[in-house]
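Q: These protein sequence lines map, in sequence, to chains A and B. In terms of UniProt numbering, the first sequence opens at residue 1 and continues consecutively. In terms of UniProt numbering, the second sequence opens at residue 1 and continues consecutively.
Just to be clear, a hint being listed does not mean it is correct.
As the list claims (entries may be wrong) - Dumping the calculated PhoX-like pairs for lysine-lysine here, alpha-carbon to alpha-carbon at most 20 Å:
1. A/Lys-135 / A/Lys-152
2. A/Lys-147 / A/Lys-97
3. A/Lys-143 / A/Lys-159
4. A/Lys-135 / B/Lys-159
5. B/Lys-135 / A/Lys-135
6. A/Lys-65 / A/Lys-97
7. A/Lys-143 / B/Lys-135
8. B/Lys-202 / B/Lys-152
9. B/Lys-177 / B/Lys-97
10. B/Lys-97 / A/Lys-65
11. B/Lys-202 / B/Lys-159
12. B/Lys-159 / A/Lys-85
13. B/Lys-143 / B/Lys-65
14. A/Lys-97 / B/Lys-85
15. B/Lys-147 / B/Lys-135
16. A/Lys-177 / A/Lys-85
17. B/Lys-65 / A/Lys-97
18. B/Lys-147 / B/Lys-202
To be verified - Some chain B residues judged to face chain A by a derived CB distance under 8 Å, without partners named:
19. Pro-54
20. Ser-76
21. Met-200
Read the hints as simulated data drawn from the structure, not as lab findings. Idealized CB from N, CA, C, for every residue including glycine.
Protein chains: 2
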Amino acid sequence: MESYRLFYWPQIPGRGEFIRLAFRFANVTFEEINAIDSLQQLTSPQSDLANNPPHFAVPILEVTKDNDTFMLSQTSVILAYLAQKFRLDGEQANVNKEVTRWHVQQLTLTALDWADEAHNVHHPCGPTLYYEDQKQAAAEAAKAFRKDRIPKFVRHFEKAITSNSSLTQACRLIGDKTSIADLVLFQSLEGLYFAFPHAMQKSVAPNSVLLQFRQELAQELRDYLHSADRRRFNDGLFRHYPELDPP
Amino acid sequence: MESYRLFYWPQIPGRGEFIRLAFRFANVTFEEINAIDSLQQLTSPQSDLANNPPHFAVPILEVTKDNDTFMLSQTSVILAYLAQKFRLDGEQANVNKEVTRWHVQQLTLTALDWADEAHNVHHPCGPTLYYEDQKQAAAEAAKAFRKDRIPKFVRHFEKAITSNSSLTQACRLIGDKTSIADLVLFQSLEGLYFAFPHAMQKSVAPNSVLLQFRQELAQELRDYLHSADRRRFNDGLFRHYPELDPP
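Chain A extracted, bound-state conformation (with noise of 0.2 Å):
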């Protein structure tokens, strides 16, 4: 049996979400550490991190198991680490299971790109400047990104789930159970809809498989979804900005 400790900013779901998601769908503990100077050590050049690399950003996985500990960084090297664990990675019948957990990675990426791509917008000149001092730059990335980016996202996912040649009844991107894929693409899609509404509704159709997949997963996760353990969207990864998606 394996403990977790979870290193990432207080308040805002962020990346930590993705992480958080595959946690609570497989229903397994973790514990959380939001303390800024906590999280600034592990990420400073000058902490002696033991065997373990240095990290660029959070999040930042502990993972302990008997008395051996060792930390992972990169949401997509946790979320695969985890997928692996906690059998997220798309597992089937008579499908080869190797291939399977590749695909399962290559659709979280996409599914993390997309969400990247959306922080972009409101931080065209960099991370560490603020939206104020973009707000230029910031109106014409939205504005591509609602004419090309959202509805190139939305038809490679709603290929995804009407190919998928495993799929009976549910909307999922691989086999007929849901794996980080699914999981990440759903809490991608709803800093989406919380941060471009308009331009969701644009380019999503009314029936479009993507409504229905949104629906399943929020019905899995309803018990987490509805309790006050789940942040709120806010000001951090995904943003809403009603003048960068205009009605």
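Model the placement of chain B on the given structure of chain A, informed by the hints.
A: Same frame as chain A, but now just chain B:
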């Protein structure tokens, strides 16, 4: 024995080069397909990809073994796959092999992030607009990138190399054998020195381990780097605009 086909844009090194370095370093042959119509066909939401999920973008790797074929996309996923096949995953004596593999992936992702950020500097408002249409935002992005981000990445990777506890004489990120993380960092450094020569010179001290690292990797890769096959940087992922990197 597997055979490989890499689908990527013609001419530019781009994200394909991270993958080419893995093949070249491991001395494994592969076929490269650069025909634009093939690439467009593989990334179109209309194409039938048999048992593969859709691809959002190139690079795409096709793997054939016996009579089975599958495809992977997302640079970091392709690299993780090849690292395992080609033993570029940081294997060392007396160290937990699984944890090492995740650490190699973590460092690979951060080196790819550095390349992504360098790309976003010349395309802050999105990949679907020309540089010429976003020059002012690019100038702002470049300023923050030179001032804050380049030094942060430099210090991060210096720390990774110096804290590598298996370090003997060689400068490597994990262990003392070249891993996929080393190859990706090498390529990102080459791109950054091409795109931002002045900023890099200011941020990398003359006695930095990164300079020794770069020399050692160049030596290991010398046959390929000096061959006609090695693609020169031009207007791809890494671009040199003098106005974005003043002396």
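Q: So, against the hints stated earlier in the document, which numbers end up violated here?
A: 1, 2, 3, 4, 6, 12, 13 and 21
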